[in-house]
Amino acid sequence: MSLTSKLQEVLVCLRAGRVTLPYPAQSAPLPPRFRGRPIFDASKCIGCGGCASNCPAREILVYDVCQEIRILKYLGRRCTYCGRCADVCPEKAITMSHEFETATGTIGDIQQRLDLFMSTCQRCGRCFTEPSKLEELKLKGYRYDDLENERWIFRSQAYLEGQPVVDDIEIELD
Amino acid sequence: MAAREKLNLLKERFGNAIQRADIPAEDRLFVFVDPQSVREICRHVFRHLDARYVISIGADDRPHSGDFLVAHHFAFDEDHLLSSILTRIPADEPAFDSITDEVPAANWAEREIRDLYGLEPRGHRYLKRLVLPDGWPDGVHPLRKDVPFDHVPEGFDPDREFKFDEAPEGCTVVPFGPFHPTLDEPAHFRLYVEGEMVRGCEYRGFMVHRGIEKLAESVLTYNDIPMAAERICGICGCVHNVAYAQSVEGAAALRIPPRAEYIRTIMLELERLHSHLLWVGLACHIVGFDTMFMQAFRIREPVMWIAEKISGNRKTYALCVIGGVRWEITDDLRAELRQVLDQLEKEWRPVVAAVQKDRNLKARTRGVGVADRHLVKDAALLGPVARAAGVDIDARRDHPYAAYDRVEFDVITADGADVWSRVIVRALEVFESIRIIRQCLDRMEPGPLSLDIQDELPVGRMGMSSVEAPRGESHHFVITGENNRPRRWRVRAPTYQNLQGVPAMIKDQQLADMTISLGSIDPCFSCTDRMETIDIRSGAKRVWSQEELKQLARGTRA
Ligand code: SF4
Ligand code: SF4
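From first to last, the protein sequence lines are chains A and B.
For the first sequence, my numbering assigns the number 1 to the initial residue and increments by one for each residue that follows.
For the second sequence, my numbering assigns the number 175 to the initial residue and increments by one for each residue that follows.
There is no bait here: all hints are sound.
No more than 35 angstroms apart at the CA atoms, straight line, and that leaves these computed lysine-lysine pairs for DSBU-like:
no.	chain 1	residue 1	chain 2	residue 2
1	B	319	B	337
2	A	6	B	536
3	A	6	B	681
4	A	73	B	319
5	B	489	A	73
Note that these hints are calculated values from the structure, not bench results.
Sequences and hints are given; from them, build the entire structure.
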């Protein structure tokens, strides 16, 4: 009885043949929906900050350096490639690429920074294409992290002890 | 209606001790009771009404009502009812009556409440730290609302030692783990061994406690949490993702579109498939049957690929948002999934046939790691461990969620109560999962994937959800809150209960059977950070401190 079971096991193995791929020389093809590292397209982004306030890992910072320039920065450290940013982006400015071999010694290799030229809202003075977008976003469940300043910035005290937010970003750039 | 019926039973017997009750749905019951009677009520529910203990949960409700909350959850599996027995604990007297004497399975949960909320379980006989690290200062309780999520307490003492219990007389101590060749994750068991026989053990874990609940309650938002939740577990992540979403949807009384329910069911079953195939492989590996280990992994691989095609990732599906799912299963994917299932079924049959008759495997696992009905009841063991002991529970049938009420499947049980029975239960459950997915593919109708939620979710509502993970029921509890995030989110993974059964399972059996017994619950661990060496010649024991280990590792120590 046990012998037949051993023979069956041998058969299972023999039928399988060789299945191991010679990775990394050759890798299995990636499916179209594969979620790799997100890529931001500066020509499409309107700087709404939706991605930043929906990123579970808080990997995206959006901040203004002056009246007309808004910076979007993707930090690339603990991004989980969940694709929520790409989901919520109203302009489809984010693509989940097929890059997954992203190990690097230099974090700058995977970080991205968009310098966005913004026009100023005549009513509220802030940078927005349309003031009503703000209301729309809120309805969809978007949220500011910093209610007082209405900025979409996740302030981690690990970096921020008593420092202005924008300086913190300069630290992270390096 | 089971909820009302149980409530009436409680009211008849305990009268005024029942303060308030809430029946938000037919299959959910929340009862607020007088803190003085809670022990008596829990005993009645557990022993006389024969409910299954699920978990005990603490919550800090001081900002809203001024009190702490302690909830004991019980499941009436046959009546399809999940119930919660809640008490309010005044903030100036932070203590509650322990129910561990009546319900042994509450041991860990009450110690956890003590660690994280600083509520003393009165009458608990074993008040050791469970979750907090040894060096953590006394009096700081991280889940209290006045403690910020990134709080680093003063007075952390890295040298403070965990005091292990005295070994029983005549026993030698064998430290098992934190890092051990047959453990995939770190865990520390201190085994008391007499000759070759294990007489008892002490477990210390939780040292990579990641504080994910605190993070959710203070930083993340409703739709961020599913992506964090699925990272709780390295294998059954989707379970947590779905269980969380369902408990929020339950609290907010949202009914998700049917197509989303089918897709959730399919993904959960795909996850069970790859988890069981992995487990059968690992179990074979632990007992030295590496051929089958390789083959199980080979057969498993197409399941990973199809999951990747559907969701974009082999394992972290990032499936749910509140109100629905994110990934459509198109007609092409449906056809492909069917093929994968056919192939899997074809390949798995001969493996099961061979394994079922394999004498070596049987000899190695029969009568090993026994957890009988009584242990299952008292320690609230779950999933395949319970089913292998003939306890017919399965949250998919008992507390149907997603589309499980619209598919047919058998709950596989066995009666050996040992590792062998667990192998068989898991091996056969693979076929049931295949059956479930096929039915879902047949029955799913076109329709939206997600609700269009326009309003803020209601505040202060409670919801709970049980999802049958591959390794047992995963239970989530949510109290909805302000700022687009829950006030409280509690995750009870199945290993939390199953691990508490391990000491009884390995008692009085050979040391060599330890690994497969432990492996047979399919554990997910936390880890610990200390090492102990015993000098065999002198018998002298010495524990290396963290600092010494660091020096040793860096070569700065002579
Ligand atoms: S993929 Fe997910 S984690 Fe990464 S940036 Fe986008 S939302 Fe954040
Ligand atoms: S959501 Fe899209 S448009 Fe808005 S800031 Fe992000 S990338 Fe730009």
